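**Student:** What follows is each chain in one-letter form.
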Amino acid sequence: MRLGRRNRQGGARHDRTDRCVADLVGALGPERVRADGAARHLASADASMFSDGTAGPVCFPDSTEHVQAVMRVAASHDRAVLPRGAGSGLSGGAAPLGDPIVVSTTRMNRVLEVDAEDRVAWVQPGVVNLDLSRQVAPLGLHFAPDPSSQQVCTIGGNVANNSGGPHCLAYGVTSAHVLAVEVVLSSGEAVVLGGLDAEPSGYDLRGAFVGSEGMFGIATKIAVRLTPDPESIKTLLLSFDSVADAAATVGAVIASGLVPAAVEMMDQRCVAAVEDFVQAGYPREAAAVLLIEVDGLSRGVEADTRKVAEIGRAHGGNVRVAADEEERALLWKGRKSAFGAIARVAPDYYLHDTVVPRSKLVEVLKAVYEIVDRHDLVAVNVFHAGDGNLHPLLAYDSRQPGANERVAAAGQEILEVSLAVGGVLSGEHGIGVEKRDFMEFQFTAADLEQQALLRRSFDPHCRLNPGKVLPSAHSCADVASLSASRPDGVWG
Amino acid sequence: MITPPVIDDEALLAFAAEIGPRDPVVVRGGGTQWDVGGAPNGDVREVRAPSGIVEYRPDEMTVCVRAGTTVAELHAALAENGQRTALPDGSGLPDGSGLPDGSGWPDGSGWPDGSGLPDGSGLPDGSGRPDGSGLPDGSGPCGSSPSTVGGAIAVGRSPVTRLGDGHLRDAVLQLHYVAADGRLVTAGGPTVKNVSGFDMCRILVGSLGTLGCIGDVILRTRPIPEHEQWAKLDDIEPQIVLNTVKTATAVLWDGSAVWARLAGHQVDVEDDLARLPDAPETPPPELPPFRWSRRPKDLYRLGEETGRFVAEIGVGVVHCERPDPDPPPIPAGVAALNRRVRDLFDPDRRFNPGRSVERT
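Sequences listed follow chains Z and X, in order.
When you line the first sequence up against the numbering used here, it's residues 1 to 492, in that order.
When you line the second sequence up against the numbering used here, it's residues 1 to 360, in that order.
Calculated directly from the structure, the hints in this document are not laboratory data.
Don't take every hint at face value.
[Claimed, not checked] Restraint-style ranges between C-beta atoms, simulated for each label pair: (1) X:VAL47 - Z:PRO460: 37 to 43 Å; (2) Z:ALA473 - X:GLY333: 30 to 36 Å; (3) X:PRO325 - Z:GLY26: 44 to 50 Å; (4) X:PHE290 - Z:SER63: 35 to 41 Å; (5) X:GLU358 - Z:ALA473: 53 to 59 Å; (6) X:GLU304 - Z:SER63: 29 to 35 Å; (7) Z:GLU275 - X:ALA335: 54 to 60 Å; (8) Z:PRO460 - X:ILE7: 27 to 33 Å; (9) X:ARG339 - Z:ARG306: 54 to 60 Å; (10) X:PRO21 - Z:GLY402: 58 to 64 Å; (11) Z:ALA473 - X:ILE7: 51 to 57 Å; (12) X:ARG339 - Z:GLY26: 30 to 36 Å; (13) X:GLY82 - Z:PRO138: 37 to 43 Å.
[Unchecked claim] With a straight-line cut-off of 30 Å between C-alpha atoms, the simulated DSS-like cross-links for lysine-lysine are: (14) X:LYS246 - Z:LYS307; (15) Z:LYS333 - X:LYS246; (16) Z:LYS360 - Z:LYS333; (17) X:LYS246 - X:LYS297; (18) Z:LYS307 - Z:LYS366; (19) Z:LYS336 - Z:LYS366.
[Stated by the list, open to error] Partial pick of chain Z residues on the chain X-facing surface, computed with a CB cut under 10 Å: (20) ARG119; (21) VAL210; (22) ALA255; (23) PHE438; (24) LEU454; (25) PHE458; (26) HIS461.
Note that this is a predicted model, so its numbers are computed, not measured.
Beta carbons: idealized from backbone N, C-alpha and C, even for Gly.
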């Protein structure tokens, strides 16, 4: 489904494209360049609702040198370049605008080096998040960022979006786990940002690159920090008669001086959908459930578990501690299956992502229910309560007339409510196309101009993933190919 | 339409007005790391950032603080709610801005004996400690360091507990800074999680004031652990300590002895200590003044050139008696990027002229 406008430019540039494809084939070999309709179609959307452009030729480089070659061909043809990992992004960051050359990292999927002593791994960008953790598991290590899409999303995509996940509450988001990145700039030059030494000198270009949504360069090698597995983990399921009690428990747990590894909340509709789907053992009658995980050393974890349980009971909650690894895995399966389970509620969903102060969770959730009711939609809430990261999921049927417009209107109202209480536009999905035109809600013209300066430091010609993140007034001269097809306001 | 929050802190607006849109300017903090990146040219106008805590929200685990506030004052206020930040405050730790024995300041910033305070800001009696409550363990006497929040962030160096507490840069959620054109700019956002737009805070942290002048900052706070202590170990491989001591927030090594800082639940620290040979509670040695950056594994290959040294095991910082004769090189492509960043953010080089992030 699409909310924006269809790409209207059609196939006006065939000759130019043919020469470009020929140059790409010359540089990479025919097996690494696909310009057929099927390949381009597959690369024309990500997991968001946006598919307004059509991918140009799709390249499948094996190496840094291949990516450099693509950049040089793109420069010589003045074409935009769009990096693409698994395409699981939710904000349109990997959805093409115009007809960019797409650089797919799927063939760059090797773990190059694991250094157990320094707890660092060099990986190629196409390595799947969970595959890395599986591979280093025998060493007692893992990669801490664990977005819900971790079975498919790639480390390169995690870097581009500064991805989070349930466990970033205690362990931090991707940026805290990336030590160095080899990046191919739009000029074709390869540079290593950051380093494995303690305090690389110069500006923190590594930190600037992480979260740049494919607009600063293409990561070709990433040095990630590996985290030792905790000695002990306990997972608690707490159920409540009201969302307010659940939210108050979250606040009280944090205020008690405890930083749990994860604090997830699900509302009644979500619990019902999950139970129908995977029978995770959640209590259907509860208005809200919390999934809280504590980890560390055995005796400390026992103390923390008792403390969380006490706080939960003091707020009227029923508390269950997973007795064994099997029960723990089932509780998490319920959480991670939530989005699949929603398919039983309605055929389509829009997954929102905003962050609000923890103390405003109840107020904002109330507003979310009111907004979706008014727009005749169904909201299911499953989110990272510990850091105030809301993910209202708006379930609907896109075949109904006006449904898309209602989702768009409700989505914008939820954003406005979040910002009004001191929140931000996105906690982990990024801006992409989805929230680009809302950046002016959160940032002033001066703020956005400074962000544009940072982008131009890396990509003076704005050749990489043009048209994303920054509203057009603050974007530099995005390549000409884009102007014909940039969609109007995202929500139509 | 929703509009961005208006910056209405008069102290911040006055700071922006003082910096203005032109002329060379440098912001002075506590001066404890003034030599990092080279001193700025002599004739540059010096400005001080405003000070004071703007808003502390213990339940959100965030604090908004003006850049001129001393880290010691900030931590004293946070300690009342059992929290602190990843910024170095010199208290109880042998490094950074404070000195364990108050005997002098390593950078010659003008406080010969640590007994006085530069301006008494926030400290009622200048007795050397704000009130005792801001010290995580009271394990070592220390002068109240004049180092400021803004200075610590502009320099970007974490205290020796980076191993366990994380990098200072990851604690910075939002910054207000004055850009080279004199406008106040917001980088990042007030929440603990945020990917709205490019991560502008990262480029400001460690920029030595060359891209913008930091006015205030929202920091993530952390609970102060239930128990913290140093333990000294002789005749043991530091890497073994790193791998064995699960509660270690710092492992320091001087080539013969190891000092581990253990922090967490009292019971967990006890369990860790039980795993170790005799490990008396002993504070680590004073840190030599020069700072080298190495890969953690290369710490075991240090030669004579260091003089006396204290290495941060698992992190890679080495505190040495002499400057690094062989710092990791800056590749040409990275140097060009550094230059481009500075050219775009401060085309006239009015901020901190003479100082460079590549000369640390």
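**Student:** Next, verify each hint and record whether it holds.
**Tutor:** The hints, checked one at a time:
Between X:VAL47 and Z:PRO460 the CB atoms are about 32 Å apart, so this pair departs from the stated range of 37 to 43 Å. Taking 30 to 36 Å as the suggested C-beta distance range, the pair Z:ALA473 and X:GLY333 conforms, at roughly 31 Å. At roughly 47 Å, the beta-carbon separation of X:PRO325 and Z:GLY26 lies within the given 44 to 50 Å, and the hint holds. With their beta carbons about 40 Å apart, X:PHE290 and Z:SER63 fall inside the hinted range of 35 to 41 Å.
X:GLU358 and Z:ALA473 have their C-beta atoms about 34 Å apart, which leaves the hinted 53 to 59 Å range violated. Taking the beta carbon of each, X:GLU304 and Z:SER63 are about 41 Å apart, not inside 29 to 35 Å as hinted. Look at Z:GLU275 against X:ALA335: about 58 Å separates their beta carbons, and that is inside 54 to 60 Å. Distance hint for Z:PRO460 and X:ILE7: a CB-CB separation of about 30 Å, consistent with the stated range 27 to 33 Å.
Taking 54 to 60 Å as the suggested C-beta distance range, the pair X:ARG339 and Z:ARG306 conforms, at roughly 56 Å. Range check, X:PRO21 to Z:GLY402: Cβ separation about 50 Å, and the 58 to 64 Å hint is violated. Look at Z:ALA473 against X:ILE7: about 21 Å separates their beta carbons, and that is not inside 51 to 57 Å. Between X:ARG339 and Z:GLY26, the C-beta spacing of about 33 Å keeps the proposed range 30 to 36 Å intact.
As the Cβ distance of X:GLY82 to Z:PRO138 is approximately 38 Å, the hint placing it in 37 to 43 Å holds. Annotation: proposed proximity of X:LYS246 to Z:LYS307 holds, straight-line Cα distance about 21 Å (limit 30 Å). For the hint linking Z:LYS333 to X:LYS246, the alpha-carbon distance of about 29 Å falls within 30 Å, and the restraint holds. Distance hint between Z:LYS360 and Z:LYS333 is fulfilled; the C-alpha atoms sit about 28 Å from each other, no more than 30 Å.
The suggested pairing of X:LYS246 with X:LYS297 holds, with an alpha-carbon distance near 19 Å, which does not exceed 30 Å. A hinted pair counts as satisfied when its Cα atoms are at most 30 Å apart, and Z:LYS307 with Z:LYS366 qualifies at roughly 28 Å. Pair hint Z:LYS336 plus Z:LYS366 holds up; C-alpha atoms about 24 Å apart against a cutoff of 30 Å. A cut of 10 Å between beta carbons decides the hint on Z:ARG119: the least distance to chain X is about 8 Å, and the hint holds.
Taking 10 Å as the C-beta cut-off, the interface hint given for Z:VAL210 holds, the closest approach to chain X being about 7 Å. At a threshold of 10 Å, the smallest CB-CB gap from Z:ALA255 to chain X is about 5 Å, leaving the interface hint in force. With a least beta-carbon distance of about 8 Å to chain X, the hint placing Z:PHE438 at the interface is held under the 10 Å criterion. Below 10 Å, beta-carbon pairs count as interface contacts, and Z:LEU454 has one with chain X at about 5 Å; its hint therefore holds.
Proximity of Z:PHE458 to chain X holds as hinted, the smallest CB-CB distance being about 7 Å (cut-off 10 Å). Among the interface hints, the one on Z:HIS461 is violated; its C-beta lies about 13 Å from the nearest C-beta in chain X, farther than the 10 Å criterion.
Checked against the numbered hints given earlier, this structure breaks hints 1, 5, 6, 10, 11, 26; the rest are met.
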